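S.K.: Assemble the whole structure, with the sequences as input and the hints as a guide.
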Amino acid sequence: MLRIRRDLVDAIVAHARRDHPDEACGVIAGPEGADRPERFIPMLNAARSPTFYEFDSADLLKLYREMDANDEVPVVIYHSHTATEAYPSRTDVSYASEPEAHYVLVSTRDETDEFRSYRIVDGEITEEPVEVVTEYPSATEAFSE
Amino acid sequence: MAVTVSIPTILRTHTGGEKTVEANGSTVAEVIDNLDSNHGGIKGRLVKEGTLHRFVNIYVNDEDVRFSGGLEASVADGDNVTILPAVAGG
Chain A
1 MLRIRRDLVD AIVAHARRDH PDEACGVIAG PEGADRPERF IPMLNAARSP
51 TFYEFDSADL LKLYREMDAN DEVPVVIYHS HTATEAYPSR TDVSYASEPE
101 AHYVLVSTRD ETDEFRSYRI VDGEITEEPV EVVTEYPSAT EAFSE
Chain B
1 MAVTVSIPTI LRTHTGGEKT VEANGSTVAE VIDNLDSNHG GIKGRLVKEG
51 TLHRFVNIYV NDEDVRFSGG LEASVADGDN VTILPAVAGG
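Those sequence lines, one after another, are chains A and B. Anchor point for the first sequence: position 81 equals 81 in UniProt numbering, and the numbering is continuous, going up by one each time. Anchor point for the second sequence: position 39 equals 39 in UniProt numbering, and the numbering is continuous, going up by one each time.
Hints are computed from structural coordinates only; laboratory data are not their basis. Remember, predicted model here, so these are calculated numbers, not experimental data. One or more of the hints may lead you astray.
Straight-line alpha carbon distances no greater than 27 Å define the calculated BS3-like cross-link-like pairs of lysine-lysine that follow [said to hold, decoys possible]: (1) A:K62 <-> B:K43; (2) B:K19 <-> A:K62; (3) B:K19 <-> B:K48; (4) B:K43 <-> B:K19; (5) B:K48 <-> A:K62.
M.R.: The structure is reproduced here in structure tokens:
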């Protein structure tokens with residue numbers, strides 16, 4: 001399951017709408033091992049295409065160095081589909097190489113904000129439920145539960 | 001020529017979980033061969049039919065080797081080689 005804050009969902013959808021008809025892409029980083037998306041990082045689609053997305057290679061290096069320095073991992077890797085449903089394409093599956101990440105897809109093909117999440121491991125797609133929350137439970141609240 | 005190589009999560013199964021390993025070589029191709037001799041199977045994840053796999057980016061320090069000679073790009077003693085999976089799709 002992906003548990004994600006409402007403002008982060010809104011930020012992803014807004015980015016996808018803004019870049020339509022090109023695909024939008026980015027990452028939400030979070031603390032290593034916590035499975036908690038926190039830092040919204042919209043990326044440039046170097047392909048600037050309605051059917052393909054790719055992080056620029058220099059941006060990619062900068063992103064990973066930054067996450068490494070912060071002990072963060074890419075908890076969510078998102079991109080949009082602009083004419084089809086929010087389901088991973090064959091190309092998405094062939095490139096997917098973060099087995100720990102939640103692959104989020106948003107579709108901007110119509111007015112509905114289709115927002116779905118998947119695990120993609122060894123070429124296999126598994127859709128997972130998305131729980132949208134206003135905020136994550138704090139460490140102390142989690143402890144008292 | 002000893003270099004430090006950063007290994008992405010997906011390839012750490014080949015390095016016993018290590019994030020960085022040491023390797024030797026004066027070109028990227030030699031570094032990969034040397035890596036493969038210590039961490040069997042890693043070359044097949046990086047190189048396909050003699051060229052860098054399209055799903056993988058390799059950097060020498062800050063330079064993407066695709067723009068600086070590919071597998072023949074030279075590396076010097078003390079360089080940092082970073083391997084990162086491309087983030088892309090359709």
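S.K.: Give a verdict on every hint.
M.R.: Tested hints:
1. Using a Cα cut-off of 27 Å, the hinted pair A:K62 and B:K43 holds, with the two alpha carbons roughly 24 Å apart.
2. Restraint check for B:K19 and A:K62: satisfied, since their Cα atoms lie roughly 17 Å apart, inside the 27 Å limit.
3. Of the supplied pair hints, the one linking B:K19 and B:K48 holds, its CA atoms being roughly 23 Å apart against a limit of 27 Å.
4. Distance hint between B:K43 and B:K19 is fulfilled; the C-alpha atoms sit about 17 Å from each other, no more than 27 Å.
5. As the CA atoms of B:K48 and A:K62 are separated by approximately 26 Å, the hinted pair is consistent with the 27 Å bound.
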